[in-house]
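Top line first, the protein sequences correspond to chains U, G and H. Heads up: the first sequence is residues 6 to 164, going by the working numbering. Heads up: the second sequence is residues 6 to 164, going by the working numbering. Heads up: the third sequence is residues 6 to 164, going by the working numbering.
These are computed hints drawn from the structure, not numbers from a lab. There's no promise every hint is true.
The list treats identical chains as one, so a pair stands whether inside a single copy or across any two.
The calculated lysine to any residue pairs, modelled on SDA-like cross-linking and capped at a C-alpha distance of 25 Å, are [as the list claims (entries may be wrong)]:
| # | residue 1 | residue 2 |
| --- | --- | --- |
| 1 | K64 | D75 |
| 2 | K51 | G121 |
| 3 | K156 | L131 |
| 4 | K156 | N55 |
| 5 | K159 | E108 |
| 6 | K70 | I31 |
| 7 | K159 | T111 |
| 8 | K69 | S152 |
| 9 | K64 | L114 |
| 10 | K159 | L131 |
| 11 | K69 | F128 |
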Amino acid sequence: RSGEMAKLTQLIDNEVFRAYATYATIVLLKMMLMSLITAYFRITRKAFVNPEDTASFGKGESAKKYLRTDPDVERVRRGHLNDLENIVPFLGIGLLYALSGPELSTALLHFRIFTGARIAHTFAYLIPLPQPGRGLSWAVAYSVTISMAYKVLKTALYL
Amino acid sequence: RSGEMAKLTQLIDNEVFRAYATYATIVLLKMMLMSLITAYFRITRKAFVNPEDTASFGKGESAKKYLRTDPDVERVRRGHLNDLENIVPFLGIGLLYALSGPELSTALLHFRIFTGARIAHTFAYLIPLPQPGRGLSWAVAYSVTISMAYKVLKTALYL
Amino acid sequence: RSGEMAKLTQLIDNEVFRAYATYATIVLLKMMLMSLITAYFRITRKAFVNPEDTASFGKGESAKKYLRTDPDVERVRRGHLNDLENIVPFLGIGLLYALSGPELSTALLHFRIFTGARIAHTFAYLIPLPQPGRGLSWAVAYSVTISMAYKVLKTALYL
Chain U
6 RSGEMAKLTQ LIDNEVFRAY ATYATIVLLK MMLMSLITAY FRITRKAFVN
56 PEDTASFGKG ESAKKYLRTD PDVERVRRGH LNDLENIVPF LGIGLLYALS
106 GPELSTALLH FRIFTGARIA HTFAYLIPLP QPGRGLSWAV AYSVTISMAY
156 KVLKTALYL
Chain G
6 RSGEMAKLTQ LIDNEVFRAY ATYATIVLLK MMLMSLITAY FRITRKAFVN
56 PEDTASFGKG ESAKKYLRTD PDVERVRRGH LNDLENIVPF LGIGLLYALS
106 GPELSTALLH FRIFTGARIA HTFAYLIPLP QPGRGLSWAV AYSVTISMAY
156 KVLKTALYL
Chain H
6 RSGEMAKLTQ LIDNEVFRAY ATYATIVLLK MMLMSLITAY FRITRKAFVN
56 PEDTASFGKG ESAKKYLRTD PDVERVRRGH LNDLENIVPF LGIGLLYALS
106 GPELSTALLH FRIFTGARIA HTFAYLIPLP QPGRGLSWAV AYSVTISMAY
156 KVLKTALYL
């Protein structure tokens, strides 16, 4: 089966596909970072949602007071959900776009702007920056995904 | 590297794969539309969640009153989350299904019913239609995904 | 086009790719199960969020009392969202990892540990088990994804 494996390796050798693999991984790692930031704020702000998570603070009322929402925790969680809503379309549409035979330079432009805009979005959400900082970074990444979707449908449309 | 590029283009030339690319893109664009509908309701209902989003309405108490939940906004957000919960499995399982060598007509049937059911689900959620409208459209799309998962496991099972 | 179809079938014939297809499907089916568990708890606990879902319980006040949150429903929903946050990165990074030419035994180790850890996470969340049961299962699956991401970037990096 080494022949097949070679064929697969060829896919990952294709430059557009490698660029997709790189930026998709970066943007997914960025999204995964949100879990760690949420955990950090939950622990430092002592704001938990599951009773079993506060057991180490004692029993009964003394632990119950840590079952509460905290504005910083909720802010990170909103940023995380916004990542899911926007990075899932990028993953799917971006993969199909990478397979639709775009120019390498055009593909790199799409992947780089999307990734940069989503990283900017995270900073804008967590600092937070005044609007329209967050709104603009969201709209840029959204538009890049729409542009890739247009290329996919133009190349592959089969209804 | 043009030989490899040609090979990739062959993947997107495959009719089952093109059908997957088309319906996956449509259903992701539909999901992305939920962000715009949420933004529309947040602005028209003046119901925001981040303090920095209400800064244009003035300072202090006059802006604070717009930091509130609105039933229409929450409804769209639930529809959006339900999309994520159901479209993510379709993306992953559907891709593997498209690569598992199904008949073109069978594959089209799966992709079309899933996409139609999820569009119906959005209408059922946002209008809203009386039950079991929303429940049925959810169940149809769910069943289509299960059917594709069965084919994938039957073809590819390697534990 | 049977030649191309054969080529696609070769992809699904590759053992690493078949292993990815198998475990990705299993973990997505597990995630889809959370929808059914949520529905089960909503119905048995009579705790709904959409007014149209309580219409069968009568009109006006008699139905309104079922529009409420229930701790068991909320717990399942948190588990479901945690699945989305962690299984989406596995889907994307795992696919790229499977295409990056890993050893079959190494790939199987990654896929099996991730899948086992996420199933353990669900049990830890729903029973619930005392901490650090849920935390550990989460961290194991998270670390496996990071390990795969490292291999993808090492193989494919193209910035």
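The hints, checked one at a time:
1. For a Cα distance limit of 25 Å, the shortest separation of K64 from D75 qualifies both inside one copy, at 21 Å, and across copies, at 22 Å.
2. For the identical chains of this complex, K51 and G121 are neighbours neither inside a copy (32 Å) nor across copies (30 Å), given an alpha-carbon limit of 25 Å.
3. Proximity of K156 and L131 under a CA criterion of 25 Å is satisfied in neither setting, with 33 Å inside one chain copy and 30 Å between copies.
4. With identical chains, the CA atoms of K156 and N55 are never at most 25 Å apart, being 45 Å at best within one copy and 35 Å at best between copies.
5. In this assembly of identical chains, K159 and E108 lie within 25 Å of each other by CA distance both inside one copy and across copies; the values are 15 Å within and 24 Å between.
6. Within a single copy, K70 and I31 get their C-alpha atoms no closer than 38 Å, and across copies no closer than 39 Å, so neither meets the 25 Å cut-off.
7. Proximity of K159 to T111 under the C-alpha cut-off of 25 Å is found in both arrangements, the shortest distances being 15 Å within a copy and 23 Å between copies.
8. Taking the shortest Cα distances, K69 and S152 never come within 25 Å of each other, neither inside one copy (49 Å) nor across copies (37 Å).
9. Within a single copy, K64 and L114 get their C-alpha atoms no closer than 55 Å, and across copies no closer than 39 Å, so neither meets the 25 Å cut-off.
10. In this assembly of identical chains, K159 and L131 lie within 25 Å of each other by CA distance neither inside one copy nor across copies; the values are 37 Å within and 30 Å between.
11. In the homo-oligomer, the alpha carbons of K69 and F128 lie at most 25 Å apart only across protomers (23 Å), although the nearest pairing inside one protomer, at 32 Å, exceeds that limit.
Checked against the numbered hints given earlier, the structure breaks hints 2, 3, 4, 6, 8, 9 and 10 and satisfies all the rest.
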